[in-house]
Amino acid sequence: MSEHFKRDCFEILTRRAAAGEIDRRSFVKAAALLLSVPMAMRAKMAFAADQLVVANWGGDAIDAFQKAFGEPFTKATGIAVRIDGSGPTEGAIKAQITSGKIIWDVVDADANLGIAFGKEGVLEALDYNTIDRAKIRKGYDYEFGTPGYFFSYVLAYDSARFSDEAPTSPADFWNVEKFPGKRTMYKWMNGMLEAALLADGVKPEELYPLDIDRALAKIEALKPHIISFWGSGAESQQLLTEGEAAMGYIWNTRAILLGRDTDDQIKWGYDGGFLNSSTWITPKGNPAGRDNAMRFIATSQDAQSQVMLFDLLGNGPANPEADALIPDDRKALNCVSPEAEAKQVTLNAEWYADNYSAALEKFLALVSK
Amino acid sequence: MTRSWMRYAILLAPLPLFLVVSYVLPFLMVAKWSVTDPEPGFGQYIRIFTDPTVQAVLIRTLRICVIVTLVSVTLAYAIAYNWVFGPPRRQRLIEYCVLIPFWISVLIRAFGWLILLRNNGIINESLMGIGIIKEPLALVRNELGSIIGMTHFLIPFAVFPLASALRQVDPRVLQAASGLGAGRMRIFWTVTLPMTMPGVLGAGIIVFVFALGFFITPAILSGGRSVMVAEFIYLQLFQTVNWGLAAAISVVLLVIVAALGTLLHKVARLDKLVG
Numbered sequence: 001m002s003e004h005f006k007r008d009c010f011e012i013l014t015r016r017a018a019a020g021e022i023d024r025r026s027f028v029k030a031a032a033l034l035l036s037v038p039m040a041m042r043a044k045m046a047f048a049a050d051q052l053v054v055a056n057w058g059g060d061a062i063d064a065f066q067k068a069f070g071e072p073f074t075k076a077t078g079i080a081v082r083i084d085g086s087g088p089t090e091g092a093i094k095a096q097i098t099s100g101k102i103i104w105d106v107v108d109a110d111a112n113l114g115i116a117f118g119k120e121g122v123l124e125a126l127d128y129n130t131i132d133r134a135k136i137r138k139g140y141d142y143e144f145g146t147p148g149y150f151f152s153y154v155l156a157y158d159s160a161r162f163s164d165e166a167p168t169s170p171a172d173f174w175n176v177e178k179f180p181g182k183r184t185m186y187k188w189m190n191g192m193l194e195a196a197l198l199a200d201g202v203k204p205e206e207l208y209p210l211d212i213d214r215a216l217a218k219i220e221a222l223k224p225h226i227i228s229f230w231g232s233g234a235e236s237q238q239l240l241t242e243g244e245a246a247m248g249y250i251w252n253t254r255a256i257l258l259g260r261d262t263d264d265q266i267k268w269g270y271d272g273g274f275l276n277s278s279t280w281i282t283p284k285g286n287p288a289g290r291d292n293a294m295r296f297i298a299t300s301q302d303a304q305s306q307v308m309l310f311d312l313l314g315n316g317p318a319n320p321e322a323d324a325l326i327p328d329d330r331k332a333l334n335c336v337s338p339e340a341e342a343k344q345v346t347l348n349a350e351w352y353a354d355n356y357s358a359a360l361e362k363f364l365a366l367v368s369k
Numbered sequence: 001m002t003r004s005w006m007r008y009a010i011l012l013a014p015l016p017l018f019l020v021v022s023y024v025l026p027f028l029m030v031a032k033w034s035v036t037d038p039e040p041g042f043g044q045y046i047r048i049f050t051d052p053t054v055q056a057v058l059i060r061t062l063r064i065c066v067i068v069t070l071v072s073v074t075l076a077y078a079i080a081y082n083w084v085f086g087p088p089r090r091q092r093l094i095e096y097c098v099l100i101p102f103w104i105s106v107l108i109r110a111f112g113w114l115i116l117l118r119n120n121g122i123i124n125e126s127l128m129g130i131g132i133i134k135e136p137l138a139l140v141r142n143e144l145g146s147i148i149g150m151t152h153f154l155i156p157f158a159v160f161p162l163a164s165a166l167r168q169v170d171p172r173v174l175q176a177a178s179g180l181g182a183g184r185m186r187i188f189w190t191v192t193l194p195m196t197m198p199g200v201l202g203a204g205i206i207v208f209v210f211a212l213g214f215f216i217t218p219a220i221l222s223g224g225r226s227v228m229v230a231e232f233i234y235l236q237l238f239q240t241v242n243w244g245l246a247a248a249i250s251v252v253l254l255v256i257v258a259a260l261g262t263l264l265h266k267v268a269r270l271d272k273l274v275g
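Protein sequence lines correspond, in order, to chains A and B.
Note that the UniProt record's numbering has the first sequence beginning at 1, numbered continuously upward.
Note that the UniProt record's numbering has the second sequence beginning at 1, numbered continuously upward.
For the record, the hints were derived by calculation from the structure and aren't laboratory data.
Yeah, the Cβ is synthetic: ideal placement off N, Cα and C, and Gly gets one too.
Watch out, some of these pointers could steer you wrong.
FRET-style restraints, in silico, Cβ to Cβ [claimed, not checked]:
hint : chain 1 : residue 1 : chain 2 : residue 2 : range
1    : A       : Gly289    : B       : Leu260    : 50 to 58 angstroms
2    : A       : Thr14     : B       : Pro16     : 49 to 57 angstroms
3    : A       : Arg82     : B       : Glu135    : 48 to 56 angstroms
4    : B       : Val106    : A       : Ala358    : 31 to 39 angstroms
5    : A       : Ala358    : B       : Leu99     : 43 to 51 angstroms
6    : B       : Leu12     : A       : Gly87     : 36 to 44 angstroms
7    : B       : Phe85     : A       : Thr14     : 45 to 53 angstroms
8    : B       : Phe85     : A       : Pro180    : 51 to 59 angstroms
9    : B       : Glu135    : A       : Asp261    : 23 to 31 angstroms
10   : A       : Thr14     : B       : Leu116    : 34 to 42 angstroms
11   : B       : Val169    : A       : Arg82     : 54 to 62 angstroms
12   : B       : Val21     : A       : Arg15     : 36 to 44 angstroms
13   : A       : Ala125    : B       : Phe102    : 33 to 41 angstroms
One-sided excerpt, in silico: chain B residues whose CB lies under 8 angstroms from chain A [as the list claims (entries may be wrong)]:
hint : residue
14   : Thr50
15   : Thr53
16   : Arg167
17   : Ala219
18   : Gly224
19   : Leu237
20   : Val241
All chains, please: the whole structure from these sequences, using the hints.
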């Protein structure tokens, strides 16, 4: 699920900053970009509230957010920003909603969560007078949420082991005769059922609604060849770097790092990948009010900010205008460029909204069996 | 008489009060979910005893905990025995070997085991290097990995009560057994072990209860494939958001732990285990 992805983004940032690959300033800025409020627009905001609370994923990012965001923001508007780093999991969001004690104004959540909570009537509908539809990719202007960024599950492999031919599809991932070696898959399931069904011969356009049992049977057949179901980005990276896994479905952000760290020994591409997105949501009754939350989301659309996030982490820009601003030599890394999108299957957030919990339970039962 | 009773009551009051406010009341609210979420009734409890997914998690947890308990207590007994009866130099060595890992973070220990046990880790590489095995042994990223990591973590928790039990064995009894002609093995099986049996049971219960709640070690060492009950509750709370089931399992766990706690009280006097 993308909440894990977001936590992982901070981990990548921290790691790169520690390795001296990015300076402190960029680190702070990138961390801030995960919540995306360009400075320029902030001064114009007319806040009625005295603080805006944003849920994030903790760690160093809390201080970084406060310095990068909170202090300048407070200077410009007189309104304090408080960063809550306790992690907006689905359960944590539901806890606030059920208790009626809403403390978050803007939450960086899963796309399926925007739909599911939206149906329950507990989210503010997005105000598309404030948020610019032209800065949203086609079809992502949901009633209760819109992406902050995109990311993918991609097929990465050790080119030292498969030097003749590269695995480029789910069918290759399942083909242990042609591509022998251990695999790793994602523990929280997103994209994995889709991969199994494609490998089993289902056409991409006929994937949804997913045939869960068929997908699980296909995964069960591959289980002897799966060394580990990775739960964190660091784990997925370690499995491939150390040679424990010969190939794996991992986040594109980690794949970019792997390619660079191993001098391209670990190769990957968007062929056979699965595209996913984050979503901004605002719970009904948020303390700073709907308008402030909407302005916050609107500011995150800025193309420059989106490119900055891509540069530092590898996240795909939510704003299509940003694609053109990416330097040519890095354009191929953009997971949501029209070329990359065409190679991948886009995860269906509607399906996940209705089926994620039940399917995940079955999936984990199989994984544990 | 009454006044001194009052004084003790006042001095003791903060702890139970703190526990009621910070633990008992919140837990009662959680327990309420188990019969109200998503609908009133005992559906979640019925699910625990009928749903194969939940059953599989519980059985797996039970199996891992039993194995970990048996192995930990056996190894801990040998360690504690040497700690108490061994020569001074060995006693110091054991102190270091038990205490130093005891102070190291659970995360670091789990990753340490991962590095040792994985397919291209030190153990497998060495065994393959000297030609004992051809294919790496699957020592980690499975249930075995969890068991090894948990056992290592829990051994100190068994060593301390066992050492305490062994120290309370009157050395004169052992001398008497020896004087009457019993060999070392016979003394151990007929005198030392029976006399320390409450300590063994106590250590077993302590280890088992700890093992029931394990989360991080299995998550790291099982390769994501052996979800134990603690992780399952987390899953139900935060990922699949089925609070009723999470609450019901928590209540069942609490009942089991409470029963074991009572048993611990019966078989071994707590003050002696920690004394």
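To see whether the hints hold, each was checked on the structure:
1. Gly289(A) / Leu260(B): 50 to 58 angstroms: Holds: the Cβ-Cβ distance is about 51 angstroms, inside 50 to 58 angstroms.
2. Thr14(A) / Pro16(B): 49 to 57 angstroms: Violated - the Cβ-Cβ distance for Thr14(A) and Pro16(B), about 43 angstroms, lies outside 49 to 57 angstroms.
3. Arg82(A) / Glu135(B): 48 to 56 angstroms: holds (54 angstroms)
4. Val106(B) / Ala358(A): 31 to 39 angstroms: Holds - the Cβ-Cβ distance for Val106(B) and Ala358(A), about 32 angstroms, lies within 31 to 39 angstroms.
5. Ala358(A) / Leu99(B): 43 to 51 angstroms: At 47 angstroms between Cβs, range holds.
6. Leu12(B) / Gly87(A): 36 to 44 angstroms: Cβ of Leu12(B) to Cβ of Gly87(A): about 38 angstroms, so the range 36 to 44 angstroms holds.
7. Phe85(B) / Thr14(A): 45 to 53 angstroms: Hint holds: Cβ distance 50 angstroms, inside 45 to 53 angstroms.
8. Phe85(B) / Pro180(A): 51 to 59 angstroms: holds (54 angstroms)
9. Glu135(B) / Asp261(A): 23 to 31 angstroms: holds (28 angstroms)
10. Thr14(A) / Leu116(B): 34 to 42 angstroms: violated (27 angstroms)
11. Val169(B) / Arg82(A): 54 to 62 angstroms: holds (59 angstroms)
12. Val21(B) / Arg15(A): 36 to 44 angstroms: holds (41 angstroms)
13. Ala125(A) / Phe102(B): 33 to 41 angstroms: Given range 33 to 41 angstroms: violated, Cβ gap about 55 angstroms.
14. Thr50: With a minimum Cβ separation of about 14 angstroms from chain A (threshold 8 angstroms), the hint on Thr50(B) is violated.
15. Thr53: Nearest chain A Cβ about 5 angstroms off; hint holds.
16. Arg167: violated (42 angstroms)
17. Ala219: holds (7 angstroms)
18. Gly224: Status holds, d = 3 angstroms.
19. Leu237: holds (5 angstroms)
20. Val241: Check passed: Cβ of Val241(B) comes within 5 angstroms of chain A, closer than 8 angstroms.
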